[in-house]
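Peer 1: Here the protein sequences line up with chains F, S, D and Z, keeping their order. The C-terminal residue of the first sequence carries number 220 in my numbering, and the numbering is unbroken. The C-terminal residue of the second sequence carries number 1321 in my numbering, and the numbering is unbroken. The C-terminal residue of the third sequence carries number 2482 in my numbering, and the numbering is unbroken. The C-terminal residue of the fourth sequence carries number 3669 in my numbering, and the numbering is unbroken.
Hints are not guaranteed to be accurate.
Claimed, not checked - No more than 25 Å apart at the CA atoms, straight line, and that leaves these computed lysine to any residue pairs for SDA-like:
| hint | chain 1 | residue 1 | chain 2 | residue 2 |
| --- | --- | --- | --- | --- |
| 1 | Z | LYS3638 | D | VAL2420 |
| 2 | Z | LYS3421 | S | LEU1098 |
| 3 | S | LYS1059 | Z | ALA3544 |
| 4 | Z | LYS3488 | S | ARG1160 |
| 5 | S | LYS1059 | Z | ARG3648 |
| 6 | S | LYS1059 | Z | LYS3638 |
| 7 | Z | LYS3421 | S | LEU1310 |
| 8 | S | LYS1291 | Z | SER3579 |
| 9 | Z | LYS3488 | S | ILE1187 |
| 10 | Z | LYS3630 | D | ARG2299 |
| 11 | S | LYS1059 | Z | SER3553 |
| 12 | S | LYS1059 | Z | ARG3586 |
| 13 | Z | LYS3488 | D | THR2149 |
| 14 | Z | LYS3638 | D | THR2149 |
| 15 | S | LYS1059 | Z | GLY3563 |
| 16 | S | LYS1059 | Z | ARG3558 |
| 17 | S | LYS1059 | Z | SER3579 |
| 18 | F | LYS84 | D | PRO2228 |
| 19 | F | LYS84 | Z | ARG3648 |
| 20 | S | LYS1291 | Z | ALA3544 |
| 21 | Z | LYS3421 | S | PHE1314 |
| 22 | F | LYS84 | D | ALA2151 |
| 23 | Z | LYS3421 | S | ARG1041 |
| 24 | Z | LYS3638 | D | ARG2299 |
| 25 | S | LYS1059 | Z | ARG3555 |
| 26 | Z | LYS3421 | S | THR1287 |
Unchecked claim - Just a sample of chain D residues kept apart from chain Z, beta carbon distances all over 12 Å, derived:
| hint | residue |
| --- | --- |
| 27 | VAL2011 |
| 28 | LEU2042 |
| 29 | PRO2100 |
| 30 | MET2189 |
| 31 | PRO2234 |
| 32 | LEU2480 |
If you are wondering where the hints come from, they were derived from the structure by calculation, not from laboratory data. Keep in mind that this is a model prediction, so the values were computed, not measured. Note that the Cβ used here is the ideal one computed from N, Cα and C, for glycine as well.
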Amino acid sequence: MPSIHYDIAHMLGAVVLLMSFALLYQRRLSSIIQVFAAQSTVLAAAAAWQGYIQDAPHLYITALLALSMKAIVIPVALNRVIQKLRIERTVDTALGVGPTMIAGVSLVTLSILLVLPVTPDVTALTREDLALALSVVLLGLLTMITRRNAIGQVIGFMSLENGLILAAIGVEGMPLIVEMLVAFAVMVAFIIFGIFFFHIRERFDTLDLRTLEDFRGERR
Amino acid sequence: MIFIQALLAGIYQVVQMLLVLAVAPGLVGLVRVVKARLIGRRGPPLIQPYLDLHRLLRKEVVLADNASWLFRVTPYLVFTAIWLAAALVPTFTTALALTATADLIALVALLASARFFLALAGMDVGTSFGGLGSSREMMIAALAEPAMLMVIFSIAILVRTTSLSMIVDFMLDGEVGLRISLALAAISLLMVAIAENGRIPVDNPATHLELTMVHEAMVLEYSGRHLALIEAAAMLKLALYMALIGCVFLPWGIAQPGDGPLAILIGLVTFVLKLACGAVALAVFETSIAKMRVFRYGEFLGGALLLSLLGAIFLYVSTGL
Amino acid sequence: MILLPVNPVYVILALPFLAAFGLAAVRDHWLAARLNSLAAGLTLVASLSLFTDRPETTPLFLVDDFNIYLVALTAFVSFTTSLFSASYIEHEIEIERLKPVFVRFYHSMYQAFVFTMLLALLANNLGVLWVAVEGATLTTVLMVSLYRTPAAIEAAWKYFILCGVGIALALFGTILIFLAARPVMGGGMPAMTWSALMLEIHRVSPDLLNLAFVFILIGYGTKVGLAPLHAWLPDAHAEGPTPISAVLSGLLLNVALYAVLRFKMLMTANGQSLAPGPLMMVMGLASLLLAAFMLYRRRDIKRLFAYSSIEHMGIITFAFGIGGPIANFAGLLHMTMHSLTKSAIFIAVGLATQVKGTQRISEIRGLTVSHPVIGWGLVAGVLAIVGLPPFGIFLSEFLLVTTTFAREPLLALPLVLGIVVAFGALILRLQSLAFGEPTGSMAPAASSAFPMVLHLILVLVAGIWLPEPLVEWFQAVARLLG
Amino acid sequence: MAFISLCILAMLVLATVGAARPWFSHAHEVVHAGMALTCGAAAVAVLARLAANDSGVETLTLPIGLPWLHANLRLDALSAIFLLAVNLGGCLAAVFGWSYARHDAEPGRVLPVFPLFIAAMNLVLVADDAFVFLAAWEFMSLSSWLLVLATHREDETRRAAYVYLVMASFGTACLLLGFGILAGASGDYGFAAIRAHQLEPVPASFAVLLVLLGAGSKAGLVPLHVWLPLAHPAAPSHISALMSGVMTKVAIYGLMRVLFDLIGQPLWWWGAVLAVIGAVTAVVGVLHALMQDDIKKLLAYSTVENIGVIVIGLGLALVFKASGVPALAALAMTAAMLHVLNHSLFKSILFFSAGSILTATGERDLNQLGGLIHRMPATALFCLIGAAAISSLPPLNGFVAEWMLFQAVLNGPLLEQWELKIGFAVIGALLALSTALAAACFVRFYGIAFLGRARSARAEQAREVDPVMLTAIAVPAVLCLVIGVLPKLAISLIEPVNRLSVGEGMFDAGGHGGWVWLAPASAFGNSYSGFMMFMTILILTILAVYMIHRYASNRVRRSIPWGCGFTDPAPLGQYSASSFAQPIRRVFVSQLFGARDIVDMPAPGETRPARFELELRDPAWDWLFTPVVKLVGWIADKVDHLQFLTIRRYLTLMFLALVTLLVLVAVSQ
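Please put together the full structure from these sequences, using the hints given.
Peer 2: Okay, here's the thing in structure tokens:
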């Protein structure tokens, strides 16, 4: 395979990672959703590109699913939820921007450290991809724990999932990708449905411990 | 030969039992006489205790309404237990038939049995004085008994036995020599003896002042022949302790198995002499000291216990561990 | 059952799968409950047929020494719990705590849940396993939130989010395994198939496996309820219907642990990778100790026993972590005994909370006086779960503690400390629950205590005598686990 | 062996009969009669075996328990002597329970468990592998816990039961670890394999320490004794007798099985540690007993004392065994074993008497009793024998063991280590102290409960208990006397145990005196004869009675008590239990246990009564248990915060766990 293939795949992966950083950085809900949509679009492109270079048609389906679900349907749905529930537009973060970024960079470093010595006999493509995917997963998790708002956390979760997909599509010959993606999509749908249906607004995080005790079951 | 020895041992045993029974009241009488003389009184005659006992035996028993059978049985038990104990201590000879029945430890326990029943009898009628006496008696015993056993322990380290006859034999061999720990043990034993017999400074046998008495409080309800038995037991006990101190620390004169009639005679005479000396010493001691408060008994007897323990440990030091 | 023309595995899976759809259509809750039990019973019968005629391994399904008894156990507990559930749900409808429409949904989900668990156990494929576990998560989330109280929704939500993240991480681990195996085994299905992987894994480079196992352990470990990933477990147990608590503790935790153990087998068979043991031991001990101390401050009876589940999962994980034939045997036995005992306890608790109308420990007293069967059942269950003879858990704890102490004396101390501390807490609560002057309603229980008694008898028998085939399976699996 | 197994099986069957009580009206009779017969038969069987001086070993393997080990049972002399104690106690308890347990409020809680309890104890004694041993051991705790909970409606009982079960399981955990060391990494839990497995001194010492903690907590050794005086009295009296008189012996058996059999050649300091712990236990136990007003609590503390005495004997035996003087070891061992038998006898008497008192008056508080000797004369007589025996008075059985123990102590100078020489002197002093205090304790117990005047209306109206209960009290009382007068009878039963545990019998090296004299060669010819003493006292007493009644006055007049002229009409003016203990409390206890008298004397003119209260503390609680409880509570409070975090924080925990593990992997690569 020509090296341009690697370079493009690599570049797309790097953009996904960049978007993860952007997610970490964003404050306003609407822009978080926009960044996520952008990340999903790039992911769809990456999947399509992998489908092309691996000659694996099911990756096109993956790309299509990613594009339709994550880049279009879910962002739109989330925007509606925000409007319906009148959730505040800016999100509290548990950690300042500076520390968050430092943590993010450390995680990326950790991922590279973990992956680089690991796979000498695997092709360079998957190794780099894996490092990127691992970074995206960890950054997704970091996003989840630095956001005090349900929507922000859901986005973090989905960004984590994007990392998974990035890893899966990078591996040549991986079966069941589509199935897993569908299973995931169901789950995410559940989450959004849950937020909407049960009116879970800020229950991810409340500073008032007394109400928590009411809810965490230990009814004294 | 063995048969003759056994027969002799039996005879000596009976002689000894009668002997202690005979001399015990005299011993108490002597102590009283000497004490009276020391404080310038004439005092009762030497045979006064015999007369007292005789009088008591002939009187009727006045029994408290709610006294139980235990109350009536106890005097006999106490008397025989102490009599037996007194019979076991070699006085004039070690060739006694019953000597193997009990060693020193069993002897102590026999005395404990007597005390146990006496203390129970003290509580039987249900007056507060009886309980008071029993309670104090048991407290004193709780310290005196271990002290006594530690004395025995010291002696046993030295002579390797607790059998009284063998102790006498060993002491008479003269291999022991003078030892500091023996002295400690002797002092400790003396203290125990004073406490156990209810002598000053622990108790005053002559008093009926409620708050200070111990032994007398226990037997307060006894009268007539019961009281006589208990008094006799107390006298026997004093004789027993004197005989014990005599046979362990001053064994000279005691006849050994196989000795002839002369040795027996010497033994008898020295025994009576020893008792007389003991009585005088006790009287002197008692007149020169004051009675102490009840709660200081602990210190007194604790001291005895520690002394005896020290004696045992010193013995190790002197015998090179 | 030998006469069945098809692979029994398909029957085992098809029964709950079809029942899940079928029950969604049954309006009458009385009938639905009976049908639910019937389906579970048939599944049990089908699963027992595995013993007589063990099917061939196919690319998708696998029956071996390890999962054969777990399948039977799962089918058995889901059957007995369905019996309990029938009368339990009946009562909940009577007191109008549940609406009939939810019950329809409940029965359907119950079967779907059984299906996903059996699928996870029988799967020969890492991907199928993962999908099944995710399905189990979704179905149980729905059942936990069944009462629709704020607390129930909160619990379901917490469960969902934490396990969702866990599941995602487990998927990452699965992808990593595939990535590691691909150079050796090529692309496609074999590199995701247990039976194939086990044969070739020793040639696989260990580096990626290490990374994969970390994700698997954290991912599926969340589902097992290992500290510090346990937070969902107590609330999910406490707020859902009690039959669900029983199957959650008794079965789902086992299934998740089964997944972890399958991966551990791979690690063991590889031979050059990092030893997974220490990680599992540390997490196991952390769970044990944390749960043991948490038990003391619990006021809610179901939450109390949920923490006890964490504690036991910790013990089991520790056992597999330390490894060796005896510890592994102990772990397997403990898994079995725990699921039987804990489901029995939850049944007893369910009965008690129904008759007393409260879940608060301080409001339930003197059960042995007011309700002898429930009370003594609870006593027996708790005595069994804290590891007293003659029940089966004593056997496994005996093996585990002695072998641990002989091999790693310093590790045995926290282990024993945890067990004793938990013992103290559970007995303290048991005494106030079962003894003393009774409080609350003295009315007889409406629901059936039969499943509880059955479980306890099995645990008792196992504590005294273990059947030979079971021992052989355990020993075979213990060897594979290394 | 097969017979004992059958007996155990029969007990299990009886337990099911007991469980069937709601449907079977004669369950009570069947269970008690059955247990009496079964235990009796088992006792006779082992008695015959021991009397035949049979040092042989019988084994039996049952196909249950651990799959690759099965359940191994074994009967040897050591098991047999303890089986004798257990089944004798069990038989007596069953007889006593026949009448006594009829008064139970909730008999269904005792009936099925009583046979299980005895079966478990039997099983511990015949276990031949660590698994059966520990399972039976723990089951013994479990069943007795249920028995303690028979009176579960009282808060005190539940607290006692809780402390008991937790301590018991702590003990089992220690034993479990101990057996872990003994069995080694191979995991062969059979006792035969453990015997063959030679340990280095350091692990062996750890094993001994753990076994000491485990068995010691069950036996009630200080400072692990705190549960005992709570739990034993809470059970019905016949069960209390079993727990105190028998179950603690099973714990002693566990200690002995490891120290004298499984572990091989002992180190001398193990024995020294054991003896010191025993001595401290004896003194602390009896001092506590002296301070108690509750008769059953008093008896329970007295059990602590007696266990201490037994452990002193074991410690001495171990020291002598390690020092290579088996004859002396046999002497100490005989003393310990005899005390095991003795204590189970007189503790049965005393607890049964307490049960009778409870039946007759409904009172357990000494200060409410008094004068029972008039209303319960038979109980009073037997109880007197028990009290005298436990106070080690000749010519009863308690003294024989005490005497031999002292003889063993007196041989301390023979040992090489100077620590031992001095230590033996101190142990001797403590032993003597505990004996003397025990006498005081039982004078107080007997004097306050049975003598004097009734302190309450219920004591006034007490009635003698029925003949069945009296039989159960009388039999051990007679045995106490028989063993005391003819100790050789019992000692000959112990000889096989000596050969097994220390390698030599007490009379193997000679000694003289036939059945009348007790004079083992190892005691340097010192001798004691209970028979002679008994006969002499008997003859002399008869003589004295005859002489006095023949020659002196035999008149008796009843009158009001003299009391120094002060006749107090109120029975409350008598010496009370606490006033009796006051001198000893002042001398011994005040500093040690922080005892405080609180006297609340009303000012002149006030009409309220003066109050006296006694505050007693147990240093073991203050220094050992309370801190542990506080620590657990503190940790529980701290970790409890984890229940109330937000989802985000839980996710953070998860994230941190993941990152930590990843960093670990990165580092390890």
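Peer 1: None of the hints should be skipped; say for each whether it holds.
Peer 2: Evaluated hints:
1. Z:LYS3638 <-> D:VAL2420: Measuring from Cα to Cα gives roughly 19 Å; hence the hint holds.
2. Z:LYS3421 <-> S:LEU1098: violated, 32 Å
3. S:LYS1059 <-> Z:ALA3544: Measuring from Cα to Cα gives roughly 17 Å; hence the hint holds.
4. Z:LYS3488 <-> S:ARG1160: Given pair LYS3488 (chain Z), ARG1160 (chain S) holds - Cα atoms ~24 Å apart, limit 25 Å.
5. S:LYS1059 <-> Z:ARG3648: Not satisfied, since the Cα-Cα distance of roughly 99 Å exceeds 25 Å.
6. S:LYS1059 <-> Z:LYS3638: The hint is violated at about 80 Å.
7. Z:LYS3421 <-> S:LEU1310: holds, 13 Å
8. S:LYS1291 <-> Z:SER3579: holds, 23 Å
9. Z:LYS3488 <-> S:ILE1187: Status violated; Cα separation ~37 Å.
10. Z:LYS3630 <-> D:ARG2299: Given pair LYS3630 (chain Z), ARG2299 (chain D) holds - Cα atoms ~19 Å apart, limit 25 Å.
11. S:LYS1059 <-> Z:SER3553: holds, 6 Å
12. S:LYS1059 <-> Z:ARG3586: The hint is violated at about 41 Å.
13. Z:LYS3488 <-> D:THR2149: It is violated: about 77 Å lies between the C-alpha atoms, which goes past 25 Å.
14. Z:LYS3638 <-> D:THR2149: violated, 29 Å
15. S:LYS1059 <-> Z:GLY3563: holds, 19 Å
16. S:LYS1059 <-> Z:ARG3558: Distance of about 14 Å is within 25 Å: holds.
17. S:LYS1059 <-> Z:SER3579: violated, 34 Å
18. F:LYS84 <-> D:PRO2228: violated, 36 Å
19. F:LYS84 <-> Z:ARG3648: Cα-Cα ~24 Å, so holds.
20. S:LYS1291 <-> Z:ALA3544: violated, 35 Å
21. Z:LYS3421 <-> S:PHE1314: holds, 11 Å
22. F:LYS84 <-> D:ALA2151: holds, 24 Å
23. Z:LYS3421 <-> S:ARG1041: The given pair, whose Cα atoms are some 52 Å apart, is violated under the 25 Å limit.
24. Z:LYS3638 <-> D:ARG2299: With Cα atoms ~16 Å apart, LYS3638 (chain Z) and ARG2299 (chain D) stay inside 25 Å; holds.
25. S:LYS1059 <-> Z:ARG3555: holds, 8 Å
26. Z:LYS3421 <-> S:THR1287: violated, 41 Å
27. VAL2011: holds, 31 Å
28. LEU2042: holds, 32 Å
29. PRO2100: holds, 32 Å
30. MET2189: holds, 28 Å
31. PRO2234: Non-interface label fails for PRO2234 (chain D): nearest chain Z Cβ at 7 Å, not farther than 12 Å.
32. LEU2480: holds, 18 Å
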